[in-house]
Amino acid sequence: MTISAQQKSFLAEILEDRPIPEATLIYFRERFRDKLHSAILEAFLIRAKEKNLKQQDLAARIHRTKGQISRWFNTPSNLTLDSISDLMVGLGMDFDDFPYTPIEKTLAPKEEAAQVRTEKTGPSVSKSFIDTSVLASKLNDLNAWIKILESWPTSRSVGTSPELAETMQSKPPSGKVINLFKNRQGPLGQNRNTFQQTGETNAQQKQA
Amino acid sequence: MLTADEIKSLCDQNKLFKVIPNDWRAPIERSIYVSPDLHNFLRGPSSGESQDRYRSKLQRLFDRFISGQAITVAFAPHLMGTEIKRLSPRAREVWEFKIRDKRRPQLRVFGRFADAKIFFALTGPEIRQNCHYPAEINLCEDYWRKLAPGKTPVYGRTLRDYFGSTKILSRGNP
Numbered sequence: 660m661t662i663s664a665q666q667k668s669f670l671a672e673i674l675e676d677r678p679i680p681e682a683t684l685i686y687f688r689e690r691f692r693d694k695l696h697s698a699i700l701e702a703f704l705i706r707a708k709e710k711n712l713k714q715q716d717l718a719a720r721i722h723r724t725k726g727q728i729s730r731w732f733n734t735p736s737n738l739t740l741d742s743i744s745d746l747m748v749g750l751g752m753d754f755d756d757f758p759y760t761p762i763e764k765t766l767a768p769k770e771e772a773a774q775v776r777t778e779k780t781g782p783s784v785s786k787s788f789i790d791t792s793v794l795a796s797k798l799n800d801l802n803a804w805i806k807i808l809e810s811w812p813t814s815r816s817v818g819t820s821p822e823l824a825e826t827m828q829s830k831p832p833s834g835k836v837i838n839l840f841k842n843r844q845g846p847l848g849q850n851r852n853t854f855q856q857t858g859e860t861n862a863q864q865k866q867a
Numbered sequence: 023m024l025t026a027d028e029i030k031s032l033c034d035q036n037k038l039f040k041v042i043p044n045d046w047r048a049p050i051e052r053s054i055y056v057s058p059d060l061h062n063f064l065r066g067p068s069s070g071e072s073q074d075r076y077r078s079k080l081q082r083l084f085d086r087f088i089s090g091q092a093i094t095v096a097f098a099p100h101l102m103g104t105e106i107k108r109l110s111p112r113a114r115e116v117w118e119f120k121i122r123d124k125r126r127p128q129l130r131v132f133g134r135f136a137d138a139k140i141f142f143a144l145t146g147p148e149i150r151q152n153c154h155y156p157a158e159i160n161l162c163e164d165y166w167r168k169l170a171p172g173k174t175p176v177y178g179r180t181l182r183d184y185f186g187s188t189k190i191l192s193r194g195n196p
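Here the protein sequences come in this chain order: A and B. What the first sequence shows, in my numbering, is residues 660 to 867, in sequence order. What the second sequence shows, in my numbering, is residues 23 to 196, in sequence order.
Mixed in with the good hints there might be a few duds.
On the chain B side, residues computed to face chain A include the following (Cβ under 7 Å) [to be verified]:
# : residue
1 : S72
2 : D74
3 : A92
4 : Q151
Pairs of lysine-lysine residues, derived as DSS-like cross-links and limited to a Cα-Cα distance of at most 30 Å, are as follows [to be verified]:
#  : chain 1 : residue 1 : chain 2 : residue 2
5  : A       : K708      : A       : K694
6  : A       : K694      : B       : K37
7  : B       : K30       : A       : K764
8  : B       : K40       : A       : K667
9  : B       : K124      : A       : K694
10 : A       : K694      : B       : K173
11 : A       : K725      : B       : K124
12 : A       : K667      : B       : K139
13 : A       : K667      : B       : K37
14 : B       : K139      : A       : K708
15 : B       : K30       : A       : K667
16 : A       : K667      : A       : K708
17 : B       : K40       : B       : K30
18 : B       : K30       : B       : K173
19 : A       : K764      : A       : K694
20 : B       : K37       : B       : K124
21 : A       : K713      : B       : K40
What the hints contain is simulated information worked out from the structure, not anything from laboratory work. The beta carbon of each residue, even a glycine, is placed where N, CA and C say it ideally should be.
Model the full structure from these sequences, guided by the hints.
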């Protein structure tokens with residue numbers, strides 16, 4: 660990630676714990692609203708694909724007019740906390756979480772950012788204490804599983820029926836859904852790649 | 023349409039300025055270049071709270087365009103409520119970016135697509151109520167002619183010709 664001098668200057672007050680100019684506060688309000696707006700549009704497009712949901716159906720579900728839904732979808736500035744909640748409930752969707760990252764850590768070069776992620780997810784294996792007796796026990800279990808699998812008839816498909824086996828095969832993802840998630844930032848500031856992968860995985864799971 | 027070298031030359035002469043997004047985490051999918059006046063509006067000294075407010079909103083709208091985030095676009099003359107619109111008559115190829123504010127008058131910025139995913143914001147910002155659209159279109163066209171004599175803007179048939187394949191919430195597009 661390369662941060663320009665202009666972007667650094669824009670973030671200066673935030674990073675230096677100084678009073679933040681009103682213009683910066685306004686920019687961040689708009690940015691936050693945009694992210695929520697994107698998340699709602701995305702949720703709507705997913706539901707439209709899955710259930711053939713239309714704006715009119717959504718309007719009827721939450722006792723609004725189609726015009727109101729259209730206004731909410733048209734520009735992020737029309738959204739309020741109440742309308743965001745209504746739209747998500749109407750779509751039958753729920754926000755998973757509201758993750759956040761200290762801004763100074765989002766500026767870190769890639770290697771440092773990886774380190775930050777490692778710290779967040781817990782100590783790395785190399786640093787942690789490994790109980791060798793537990794490891795030996797796991798290896799024994801693994802060997803036992805390998806023996807069972809080796810003795811399994813090769814003609815038998817995984818699962819109890821051919822239909823089930825078929826459903827367990829990974830289906831190629833829909834190009835349309837991938838395009839939807841391609842090249843965009845996550846709705847709540849998640850890492851772009853992580854979000855893209857998650858979006859694709861979700862779409863595939865839903866299709867399956 | 024203009025080549026990358028021609029755009030670079032215009033930037034070197036300070037006739038155009040490339041907009042750098044404030045959003046340091048967003049991807050770069052498209053480009054916006056602005057006229058010196060608009061550059062000054064975005065980056066120059068502020069005349070007060072009102073300008074601060076408007077320019078933050080305009081910068082944010084530009085950032086969304088640049089990052090390829092969802093954005094609503096009107097491709098037909100009768101559609102309202104979108105964030106970007108191709109003005110009528112469409113053969114003139116002048117587009118407006120809308121700066122909305124619930125407490126203040128809306129502003130408009132006008133420009134043309136120099137190539138797919140490359141927008142030149144040339145004139146404005148103008149208060150919406152004061153906009154005489156035929157005059158604004160003429161002004162924008164004149165600015166373009168002086169900036170890039172003999173060059174034509176994008177004459178597209180679909181939104182993809184202007185915005186590329188990234189996500190657009192289209193209204194009235196073919």
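Discussion item. Under the constraints set out in the numbered hints, which ones does this structure not fulfil?
Written reply: 1, 4, 6, 7, 10, 16, 20, 21
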